[in-house]
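Just need the whole structure built from these sequences, with the hints factored in.
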Amino acid sequence: MSGIVCAIRGGPDSQATIARAIGLAKDTKLPLYFLYVVNLDFLSRTSSSRVHTISREMGQMGEFILLTAQAKAASEDIPAQGIIRHGDVGEEIVDLCHEIQADYLVLGRPQVQEEESIFTHDLLQEFIERTEEQTNAKVVLPDGGGE
Amino acid sequence: MSKSIRKWSLFAFLLGASLVLALAGQGTRAQDQPMSPVVSGTVQDSQSQPVEGATAQLRLAPEGKVLAEATTQANGRYALPAPTEIPDRLFVQISRAHFEDQVVELSATDMRELRNGESVAMPGTTLPRRITAAFWIATSIFVAMLVLIATGTLHNTLAALLGASLVFFVSYLGEPLSENLFIFGFDRALHYVDWNVIFLIMGMMIVIAVVERTGIFQWLAYMAYRLSGGRLWLLLPILMTVTGVASALLDNVTTMLLMTPITIQISLALGINPLALLMPEVMASNVVGISTLIGTPTNILIGSFANISFNDFLVNLTPGVLLAMVGLILYNEFVYRKEILAPGNEEISPLLLEKLEERAQITQPGHLLKAGVVGAGMIALFVFGEQIHLLPAVTALMGATALLVWIRPDIEEMIEAVDWTTLVFFITLFVVVGGIQEVGLISFIATGIGDLVGENLILAMFVVTWFSAVLSTVIANIPFTAAMLPVIGYLTATIPGAGNKVLFYCLSVGSAMGGNGSLIGASANMVTAGIAERAGHPITYAYFIKKGFPALILTVSLAMVWLLIRFLVLAG
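Chains as they are written, first to last, in numbering that gives the first Met the number 0: chain W, 0 to 146; chain D, 0 to 571.
Don't read these hints as lab results, they were simulated from the structure. Computed from a predicted model, the values in this text were never measured in an experiment. For each residue, glycine too, the CB sits at the ideal point set by N, CA and C.
Now the in silico label distances, taken between C-beta atoms and shown as ranges: (1) D:T362 to W:H97: 30 to 36 Å; (2) D:F167 to W:D142: 56 to 62 Å; (3) W:E98 to D:I406: 38 to 44 Å; (4) W:K137 to D:L368: 52 to 58 Å; (5) W:K137 to D:V325: 54 to 60 Å; (6) D:A375 to W:E98: 46 to 52 Å; (7) D:I361 to W:E125: 44 to 50 Å; (8) D:S47 to W:G58: 56 to 62 Å; (9) W:A73 to D:W405: 44 to 50 Å; (10) W:G58 to D:I457: 49 to 55 Å; (11) W:Q124 to D:V372: 54 to 60 Å.
Straight-line C-alpha distance at most 20 Å; calculated DMTMM-like pairs for lysine to aspartate or glutamate: (12) W:K137 to W:E91; (13) D:K500 to D:E454; (14) W:K71 to D:E353; (15) D:K64 to D:D87; (16) D:K354 to W:E62; (17) D:K546 to D:E332.
Pulled from the structure, derived: some chain W residues nowhere near chain D, Cβ distances all over 12 Å: (18) D26; (19) P30; (20) I127.
The following block contains the structure:
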């Protein structure tokens, strides 16, 4: 297996990332996988007993976000799969890259990020280096940011 | 333990708890027959509130032999049996931690009555407060807990648990070193835990857990979309109304946890900015939630403390909430006018709409029907139960039990659905707040506010409402409300015309609607922002204040207008 993994979370900032991934798929003819990771860390500051229900709802929301990306790819004649994972964003991205032996990983960089995550400026470079080392996938960032 | 044993254990527990609470609700405990002759009296603090747990001693001299000893009851009363042989002089000494000791000598008339075998009623004794090291420690623990919660350094429950543990740690390990380090003991701490609140929240959690799995929220949101035909100016008030009504019957956090993902999906299908719907929804949730007793934890606290019923909230607060809601809808139509007036997305994906419709299904119609029947019964009991002194907690527990017996869900899932961390939060919060009550901080705050507002009820209404609203934007409103209850109780007892409990409604309005002032003002805001951020539409602190703070001013002002009309004009 081989392919391109594009991790997204939706929103206007993701459009550049999605476009970059579609462009890369066109150029390389590799299969494209859009990934959305359901992460419930935000519940740690509030009620946490709704994990089962909210996880399902977030999963459905993620599918919806992936559908928008897939629709955009389809409009450019690029077939793409949508994959939903639950858990830590960084770990799930690496796991999927391993599973499909990805050649490329397309990542974005949120323009607004108040909480620290792997996509914040300080940690992103470290994550890129670690992922390339662990998975052999080349990490691609869209021009001008995106997510 | 097998599943069936666990299941029936939970049913038995809920049933038992219902019975215990029902019996407690009767409140017709037989009074102890007074012994004769006795020396009796009452003890109160400087706010004229009865002091419970004070030691009253009958002595031969101020430092002399103790002839009899008793502890004051919840109403501050004590009764000391007189000795069989009456000496020349007798003294009553009252002592209690965190108060100055008081010694009162029995008058010549009292002594004569005792010698004639008659009981003596002493004049009320007022105990002045004494500030000790325990005062500063309990206050520091409370403030630290608020800071830890506000900054998100620790989970709410962990912060309150840490606070309660520190109170006990200082009390038990510090007392041997100095009695001034003693805050209160475990038994005394339990007096401050309001079990009516705990069981009401627990019962409602079980009901909500059943309802949230039926798909009703998703269906309602989709119906809102269908009804509006995708026109944002119409969709916005419909979704606000759906969210508001749901928040009045369920809790705000659950409502927003379920409404936010489906709202984002509708927004994606329509090609609009989800924040134009999410912000109005969460603001409506914070505003309309207070229209019923069970809509917010703060109302549950207020209702239990001040004995304000489900009907009282409906009659005295709901019209004000509706007024605020109308203002909030118009405000949001104005604030999001650009999104509303923007030309519709002409490329609405049929695939997305199809998916939306597919998901907007009632997944458990049978459960929804049963939950509807039980829910209607619960509402009826909330409304009419007051006539038979039925506590709301009993209604909630009976409703939860009925639903579980009728539906027979997976009991493991139901146990998981009860938010035990929240229940522990409330129990430990009561302990920490009890600590500051015990050492006198609440009394000092009450006296300070009392001095500020004097006997002016209108000024008191403004101060309580706006003080609560502004503070709720920066500190968690549940611990704030819990701490303010005795303060409001004092103001209600001392300000002429406040006996109708209007200041408690002011506290309800301020603490809940104040949540709209900032992102950290309410838990519902935080979960909405958390989900929106994970859909690529972050709600920043600045964005929330920009949209939310004007809404706070508008809605609190409108609710305030209603309270003034209701309690000053209509009440004559």
